[in-house]
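K.L.:
Sequence:
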Amino acid sequence: MDRIVLEVDSTVAKAWRSFSASQRAFYEKALSVLLQGDKEKQFKQILDEASSIAVSNGLDEEKLNRLLNEE
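Its first residue numbered 55, the sequence shown is counted upward by one per residue in this note's numbering.
Incorrect hints may have been included.
Below, simulated DSBU-like cross-link-like pairs (lysine-lysine); rule was C-alpha separation at most 30 Å, straight line [as the list claims (entries may be wrong)]:
| no. | residue 1 | residue 2 |
| --- | --- | --- |
| 1 | Lys83 | Lys68 |
| 2 | Lys98 | Lys68 |
| 3 | Lys98 | Lys117 |
| 4 | Lys83 | Lys117 |
| 5 | Lys83 | Lys98 |
| 6 | Lys68 | Lys117 |
Calculated from the structure, these hints are not laboratory results.
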C-alpha cells in the first residue's frame, strides 16, 4: 500500500482523529473503492454499511440536511 495525504477542513480532520482503528479502516476501504472507479456493487455495499453506521450514531434526516447545508 502507498500512503497519501489529503487536505480536509478542520471538522473532518477532528472527526478522523476521533475514529477507532476499525472506523478508519472502513473509510480507507471506502475511499479506495471510490477512487478505483469500478466495483459498483462493492461500493454500494460500503455505502449501505456507512448508512447503517451513521444511523446507529444518531444521524437522522434532519441532522443530515443541516450538515449538507453548512458552508
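K.L.:
Hint by hint, where does the structure go against what was stated? Just the numbers, ascending.
P.N.:
none
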